[in-house]
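What follows is the residue order along each chain.
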Amino acid sequence: MSEEIHKEPTSASAATVISAEGLTKRYGNTNAVDNISFEIRKGEVFGLLGPNGAGKTTTILMMLGLTEISSGRIQVLGYDPARQPLQVKRRVGYLPDSVGFYDQLSAVENLSYTAKLMGLSLKERRFRIEQALKRVRLDDVAHKRVATFSRGMRQRLGLAEIIVKKAEIAILDEPTSGLDPQATLEFLDLIRELKAEGITVLLSSHLLDQVQRICDRVALFQSGRIVLMGSVAELSVQVLGAGFVVEVEAEGSGIAQRLATIPGVSSVERLTEDRFRMTAERDVRPDAARAVVAVNGSLRRLSVDEPSLEAIYARYFQGKQAGDVRHAA
Amino acid sequence: MRREGSPFQGLGAVFAKELADNVSSVRMLVLEWLIVLTALAALYGAITNLRTTTAEDPFLLLRLFTLSSSPLPSFVAILGFLIPLMAIGLGFDSVNSEFNRRTLSRILAQPIYRDALLTGKFLAGLATLAVSLTALWLMVIGLGLIFLGVPPGTEEILRSLVFLVIAIFYAGVWLALAMLLSIVFRSPATAALVALGIWLFLTVLWPMLAPALAQIIAPPDPRYAALGLDTPDTGLWTQFLLRISPNDLFGEAMLAILSPTTRTLGAVFLDQLRGALMGAPLPLSESIMIAWPQTVGLIASTIVLFVAGYVVFQRQEVRA
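Chains A and B supply the protein sequences, listed in that same order. Going by our numbering, the first sequence opens with residue 35, and the numbers climb by one from there. Going by our numbering, the second sequence opens with residue 473, and the numbers climb by one from there.
Hints in this document: simulated from the structure, not taken from any laboratory. Bear in mind that the values here come from a model prediction, so they are computed numbers and not experimental data. Think of the CB as a built atom: it goes at the ideal place given N, C-alpha and C, for glycine as much as any other residue. The reader is advised that the hints may include incorrect statements.
[Said to hold, decoys possible] Quick list of the computed label-pair ranges, beta carbon to beta carbon: (1) A230/A / V637/B: 53 to 61 Å; (2) F712/B / Y61/A: 53 to 61 Å; (3) L512/B / Y61/A: 48 to 56 Å; (4) R107/A / V784/B: 24 to 32 Å; (5) R107/A / L685/B: 36 to 44 Å; (6) L668/B / K168/A: 56 to 64 Å; (7) D137/A / A690/B: 49 to 57 Å; (8) T64/A / V784/B: 17 to 25 Å; (9) W505/B / S155/A: 33 to 41 Å; (10) G87/A / A690/B: 39 to 47 Å.
[Claimed, not checked] Stretches of chain A that chain B covers, calculated by requiring three or more beta carbons in the stretch to come under 8 Å of a beta carbon on chain B: (11) 97-107; (12) 137-150; (13) 322-336.
Using the sequences plus the hints, can you model the full thing?
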C-alpha cells in the first residue's frame, strides 16, 4: 500500500487527528459518557480501556456520527461527525465489537458490497479487495462463504474492509476479545502493520496485556469518565507511585511486617498465605531476601515485575475495596 | 442543523444487494410457488367456467381475474389475500436481521446515510414484488390466450395493466408495514407474528367486525327494517369502517377496474343513474376515476407507514 496523501484538516493542528472536548452522551438521566476530553495524534496507537459499559463504544459511535452527541464537541480529521458524517466515514474505518457479515455471501462479495457503498469503481474494488485479503491472509478462502469462517477470520475480514477503504484512522472495538491466543497474536501483528503505515489506530479493549503490548497511549474509562490517560510508563508512576513491584514467595511468621520496614517500600500486599507483593521505588530484592532470612523464613521465589497495565488497572479500580486487605499481616 | 452530502449515496448498491438477496432466497421461492399454485387453481376454475357459460362477452380476459367457481375464490380475491403474505415475508426481518447479524454498525460506518439503507431495502422489496406480480400477470394473459383462444382487446390489456399497478401499491402497503415492524421489534419472530396478526385481523376479522361496529355507532332504524331495507347510516358507517383495511380498498379498486359495468363503489345516488344505460360498461377513464380514491388511499398508506419506519429508524441507536 502506498503512502496516504490526505487533505489538510480544516482546523486543529496537523498532528491531532481526533480531538474531543467536554464530550457527553446522556441516556435519560444517566451519563453514558460524561464530559470527556482527549486528543489523539496522528500515527499513534491509542487504547480505550475500561470495564464493559464504561462508555468506550458510545465514545466511538460519537466519533463516527452514529449516535448523537448530547453536549461537547468532537472533531475527526477536522470534520464534525454530526454534520459531516460522510466526510468522516469516508476516512475512518470501523471494526465493531463482534463484527458481523452476511453469512450467505463470500468474503469477496461481502467486501465488494461495502466497497460499493464507499463509492469505489469496479476496477478499483477488485484490485483493493484482492490486495486487502492478501494482507490479512484470507486470500485462499476469498470465495468461501463467510458462514464457515472462524471468529479470528471474521475479525481479519473486518480489518480487510478498513484496508480496502484506505482509512486514515482505524477504530477497532474489542478486536481481540474471544480470539484464541494464536489468532490474537496474528491480529496484533496486523495492527502493528497498520501503525507502520502511518495509520492512526484507536482500539478499545478490556484485555490489558494485549493493549499494553501495542498501545502508545491509553485512556482508562470508568463509568463514563476518563480517569487516567497517558503512556503505560507515565500511568505506573502516577498510580503505583513507583516503578517496581516485587513479589516474594516465602514461608514463615511475621514476614509481612518485616518486609514493610525495608526503606523505600511503599506497601506490602498479602496475596495468599505465603505470597507477598511489595511496591517500591527501587529494586528491593536483596533487602527482601535478607528480611525473610532474618525472620527464619524459607524463601522460595523472588521476582520483580515491569510496571504492568494490569497492576495499574487493578490498583486503580480495586484499590478502594482492597485497602483493608493490603498492609494486613 | 443541516447535514452534508446526498441522502441517496449508496442507494444503488443497497438496492442491488437487497434485490439479489430477495430473489435468491428460499423464502421467496416458497412464497412464489404458493401464489402461483393457488392462482393457477383459481384460473383453472375461471377458465372452465368461462368455456361452458359465456358465449359472448366483450371483456372475456377480465373475467379470468374476477370469475370464481366455488369452492375456489376468484384470482383477484386470492391475490388480495396472498399479496400481504408475500410482502410480510419479504419485509419482516429486513432491518432487525441486520441488528442481529451485527452487520448494521459496519454498514452504517460506510459513507452512506441511514436513508439510503432503508430506502434501498424498501425499493428492492417493492421491485421484487413488482417482478413477481408482473410474471403472474403475464401468466394469466398467456393462459387466457391459450385456453380461451380469444385475443384480448386494447382496453382489456390496459385495464389489466391498471390492475397490476394497483396490486403493486397494495403490496407496498404491506411491505412498508412489515418493515416498520422490523424496525420497531428487535426480534424477527415478534415482528413476523405481529405482522401476520395484523394481516389476519384486517383480512378475516375486520370484515366481520366492521358491520357490528357500524350497528353500534348508527343503530339500524326499525322503520327501514320493517320495509326490509338497510338503514343508510349504518350502511355508510359499515363501508367507512371497512375501508380502514387495505384489503377492502384493494377489493373495491379491483371491482371498479376489472368489472367495467361498476358505476359506483358506495351508495348509489339518483343523479348517478340519470340517463345511465344499466349494464353498459364504462370507459376506462371513468373506471379509473371510480377507483382513484382507493388507489390514492393505498399509495398514501404506503408513504405514511414508510415515513413512520424512517423516523423510528433515524432515532434508533445502532449498537445492538
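Structure-based check of all given hints:
Separation of A230/A from V637/B is about 59 Å and conforms to the stated range, judged on CB atoms against 53 to 61 Å. With their beta carbons about 43 Å apart, F712/B and Y61/A fall outside the hinted range of 53 to 61 Å. The beta-carbon spacing between L512/B and Y61/A, approximately 54 Å, falls within the hinted interval of 48 to 56 Å. Separation of R107/A from V784/B is about 28 Å and conforms to the stated range, judged on CB atoms against 24 to 32 Å.
For R107/A paired with L685/B, a C-beta distance near 56 Å fails the hint of 36 to 44 Å. Between L668/B and K168/A the CB atoms are about 47 Å apart, so this pair departs from the stated range of 56 to 64 Å. Taking the beta carbon of each, D137/A and A690/B are about 56 Å apart, inside 49 to 57 Å as hinted. Hint check: T64/A to V784/B, Cβ distance near 22 Å, so the stated range 17 to 25 Å holds.
Distance hint check: the CB atoms of W505/B and S155/A are about 39 Å apart, consistent with the given range 33 to 41 Å. The hinted range of 39 to 47 Å is not satisfied by G87/A and A690/B, whose Cβ atoms lie roughly 57 Å apart. Given as covered by chain B, the stretch 97-107 of chain A passes the check, having 3 residues with a CB less than 8 Å from a CB of that chain where 3 are the minimum. Counting residues of the stretch 137-150 of chain A whose beta carbon lies closer than 8 Å to any beta carbon of chain B gives 5, which reaches the threshold of three, so the coverage claim holds.
Remark: the stretch 322-336 of chain A is not confirmed as covered by chain B, as 0 of its residues place a Cβ nearer than 8 Å to a Cβ of that chain, below the required three.
Going down the numbered hints, you'll see the structure goes against 2, 5, 6, 10, 13, while the others check out.
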